[in-house]
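Place chain E on chain X using the hints.
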Amino acid sequence: MKDKDTMVQEEQERPLSLEETFEQIEEVIAHLEAEEITLEESFQEYNRGMKLLQHCNATIDQVEKKVLQINEDGGLDEF
Amino acid sequence: MQNVYTVAQVNSYIKNMFTQDFMLQSIRVKGEVSNCKYHTSGHIYFTLKDIKGSIACVMFASCRKGLAFRLAEGQQVVVNGSVDVYERDGRYQLYAREISLDGAGALYEQYERLKRELEERGMFAAQYKQPIPRYIRTLGVVTASTGAAVRDIINIASRRNPYVQIILYPAIVQGEAAVPSIINGIRALERQGVDTIIVGRGGGSIEDLWAFNEEAVAQAIFDCSVPVISAVGHETDTTIADFVADLRAPTPSAAAELAVYDIGQLQDKLDEYAYTMRHHLDIVMQRARREVEQYRARLKYVSPANMIRMKRTQALFLEERLQKGMERQLIDRKHRLALYAEQMKGLSPLDKLCQGYSYVSDAGGRTLSSVQQADVGDQIIVYVKDGQIKAEVTDTEMRELTESINCAAADEEN
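Those protein sequences? They're chains X and E, same order as listed. So that you can map any letter, position 46 of the first sequence is 47 in this note's numbering, and since no number is skipped, the others follow by simple counting. So that you can map any letter, position 408 of the second sequence is 1724 in this note's numbering, and since no number is skipped, the others follow by simple counting.
No lab work stands behind these hints, which were simulated from the structure alone. The C-beta atom is built at its ideal place from N, Cα and C for all residues, glycine as well. Hints may contain errors.
A partial selection of chain E residues facing chain X, derived with a Cβ cut-off under 10 angstroms [said to hold, decoys possible]:
1) I1448
2) Y1451
3) G1456
4) V1495
5) P1496
6) A1590
7) R1603
8) C1670
9) Q1671
Chain X stretches covered by chain E per the calculated footprint, using a threshold of three residues with CB under 8 angstroms from any CB of chain E [said to hold, decoys possible]:
10) 19-28
11) 36-44
12) 48-56
13) 67-78
Extracted from the complex, chain X is given alone in its bound form:
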């Protein structure tokens, strides 16, 4: 539980990078793999993992980007 709280705090301070999210997902999977996990814990871990995956997808921001170019005033125009 303590780990989760610190994670939430970190999330508020700074969005997790994809690499960091992957690390956390790997942790979740390792927990889920552990034999001694209880059913309740496994649900919690799974939910946490799915949230992290959603976070990944949100981070990717799948909107096709047009190439921009910097103009003389430092503004951006479409290339």
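Chain E alone, transformed into the frame defined by chain X:
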């Protein structure tokens, strides 16, 4: 009769011709250095040659400031000076005022010197290399807005991941204006807060790529807080920018591949994560279900209902056994009965009657088997195969014969 001249007069005349020739007084000659001698006086004597010829050269000690490097055999140089006649020997030679390494050679010299210098300053050291972020949102590109390099970068980057925002700084990448333009580009993109910057251009001659060998550009790359990937020319072109950049890409296309992650691969990875988690959750749930099932089975086993059911089953089982036992007994008896009947059949008196025998009973139905049982006047009944004959005893006679004959005799009498 023609005039006769002295040698000195001829040489003087020729020297005068040379001196009056505007072109020969200030000429740039290129060639390869050979027979180079540094004289103790400070003068340098050498021969400049190319495949078609050679010319003697001298650089006087007074002109040595026109030479910035040590002249050596085989160097390709450009000599700036004048062609003049040495009257004493009747020879002409090239009097050098400035000597510079020719084209590529000169640039190479400059390149090597700057490379050494920056290396000594530690600007190429691994400790200053920033890691290139693996997953970026925005990519800065400093290169010419026309040409193959920018096309290649945009094509590769958008093929791998169309969701990465590319911001181009259209830079001048060759000529006088290139250095400030490239530096401005790096700084502008750094201010934009891009995640990675690609600095580069397509292939060209060493002169074309020269801006990327300038110290100011190297310094700008070194100072940039955003990771910089250099991509200058072709794979074989290595510039100072490549050494100082955080990562060197052999070509602009390769730079785009290094900078932009493949969205397809990432998506696969996410799917795999989702699948793995789902799979593990299923395993845990299956384990829990099995446990529940086991408890349920054990509880069911010890329930009163099950006890009753078990007793009932036991009772049914006993009943069945009982019935089976009974049936077996009955069948056994029936068999024995059949057997007796068969045995009895052989012994039946009715069969004997069929064969012509008869038997005799008294009026009460008691079988007569001895003379002593009958008295004269007794009513008797003779049983034959198709009925009975009622008769009266008229006489009795005892005979010492076997029982069977006695009987037969008795029959005959009736």
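Violated constraints from the hint list, given by number and in increasing order: 1, 4, 5, 8 and 9
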